[in-house]
Amino acid sequence: MRGVPDMTRAVVERQYVDSRFGQSHLYRAGPMRDSGKRPLVCFHMSPHSGLYFEDLLAEMGRDRLAVAIDTPGFGNSDAPLARPTIADFAAAMGDVVQALGIATADVLGDHTGSKVALEFARQRPAQVERMILLSLGVWTDEESAHGVAEAPRELHEDGRTPVMWWTRAVRMSMKGRSIDKMGRNFFATQLHHRTTHWGHVAAAGYRAQDALLQVEKPIMVLNPEDDLYAITPRAQPYLVHPASHIRNLPGWGPGFLEVKTPEVAALVRTFLDGPNADT
Amino acid sequence: MPDPVLTRRSVLAGVLVTVLGAIPRGLPAGERPVAKVRRGYHKGRCGQLHYRVARTLAAGGQRPLLCLHGTPYSGRIYESLLAVLGTDRIAIAADTPGYGDSDPPASPPSMADYAAAIGDLIDACRFDELDLLGSQGGSALAVELARQRPQQVRRIALLSAPVFTRAEADERRGQLGPVELTAEGSHLAAAWRRLVGRAMPGWTLDHVASQFPDVLRRPAISWWGDKATLDYSLADRLPDLRQPILVLNPQDELQEQTRRARTLAANIEFRELPGWRLGFLDIRADELARIVRDFLNARGA
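Residue numbers (this note's numbering), protein chains in the order written: chain V, 1 to 279; chain G, 1 to 301.
Incorrect hints may have been included.
[Said to hold, decoys possible] When the alpha-carbon atoms are kept at most 30 Å apart in a straight line, the in silico DSBU-like pairs for lysine-lysine are as follows: (1) V:Lys37 / V:Lys175; (2) G:Lys43 / V:Lys37; (3) V:Lys181 / G:Lys43.
None of these hints come from the bench; they were simulated from the model. Quick caveat: nothing in here was measured; it's all calculated off a predicted structure.
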């Protein structure tokens, strides 16, 4: 009953492993044989889930193990009992990486996931080689305080809450992102409605500046034209490794992982596997 | 990097560990017994099949129970019930292929196809015998599974039975098709209001919000399950079964169709559930568990 497999993409499969907050769920793709390349571990924005990386995993999985983990309380991963910090999220991700038997990896984060990636590298410096951050909220203390005030979603009989989330996503998406593609992932933004704001609250309370100074890894920061376009460049003074840099992506907006998958994969491979990759 | 997780043998072992070796949860003094619900995947003919399973160390003696959902929902609808029934048996809820987190088939399946795919999970669990619980379209799936596995399936409980007349099936078939997504989100408002409109008192907006994401999955093919149900004549198939069957008739959109099951065979026990509407699986889980247990544990299976 299965269709003919697409040989140009790796098959993306799902899996549960146990972590400190219960079951953690992940998406994974990889080549049939060990390629010798380091695994790539991806952390998603909030709300959303590892499904957000499905196209990128299918592409990167052609030559390495590529994994995207549902953050605790998102996707199919069990939620912590109390509101977590980015450090809690990162520690649980460490449990997952350990359960998968990954010794060293490159990590990629997106928005909230960028902070999870930074904290993951801070907690496990020996396990991380290179990092890619897709947008990074480098907030002032005043801006952080505003984010911490986020509250659970309000629900209404007429369903206006999911409609609001949908229309906002439609409005913000970059050119070329189809409604059908959005429809594939949208459900993940509607899961865990009581606690889904925990991701933004944790991200707002995490000082990326401090972590950037402590993480002495090569970091490529990609800066698409999204809600953090003017904020992400604030990371520049805190990039300590000589190979670290920020790359602006004008014209790329929300949905670029789907619309520009080959281009993103090329950028990622060049940075992770290029001639200076061992610096 | 070697990928030991995806070998056939380890996948089978994974199912057995998750289903048979789930971690029991302690019972705080004074609280009603509930079992921890865990989730897993089995790799079958339609790709990965997602399931939920509940059991405790005390779960022994009673036959395992496999629960099958209606569409476009998922095994999530049974989470409350699994936690209760998992205290004295292994209680599993599978996501039908194409729903919840189970991979979709490549083309619209028949009810026999769906049943064969669910059968892969039963085989992986190595159950000698089991009971089935179906809901709405999942009731047709349970009947077909029992037909395919007459020796293994011992008792069958159905929450609504879609016994359509030919005219009803033809009319409903004409209304099937992909969900049209609109930029302004009218499809979301319609899906949300449909759940709210069917909810019984006590099933809150929080409950609706928990169920809602499953309704949004795979809008292009979410009608496939309904098509298989409409193409499957319960009126012809139910009388073929020799197992004891309990048909429960909640006050849902299939109430009239379910009533037709009452007289289809002598081995059908029928019970009306007036006032039970969408959400009874959550807010009447304890009462439903008692009814189902009384039936499943009775002699004569």
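Going down the list of hints, with the structure as the test:
A distance of roughly 33 Å separates the Cα atoms of Lys37 (chain V) and Lys175 (chain V); the hinted pair therefore is violated under the 30 Å criterion. Taking the CA atoms of Lys43 (chain G) and Lys37 (chain V), the gap is near 27 Å; set against the 30 Å cutoff, the hint holds. Distance check on the hinted pair: Lys181 (chain V) and Lys43 (chain G) sit about 25 Å apart at the alpha-carbon level, within 30 Å; holds.
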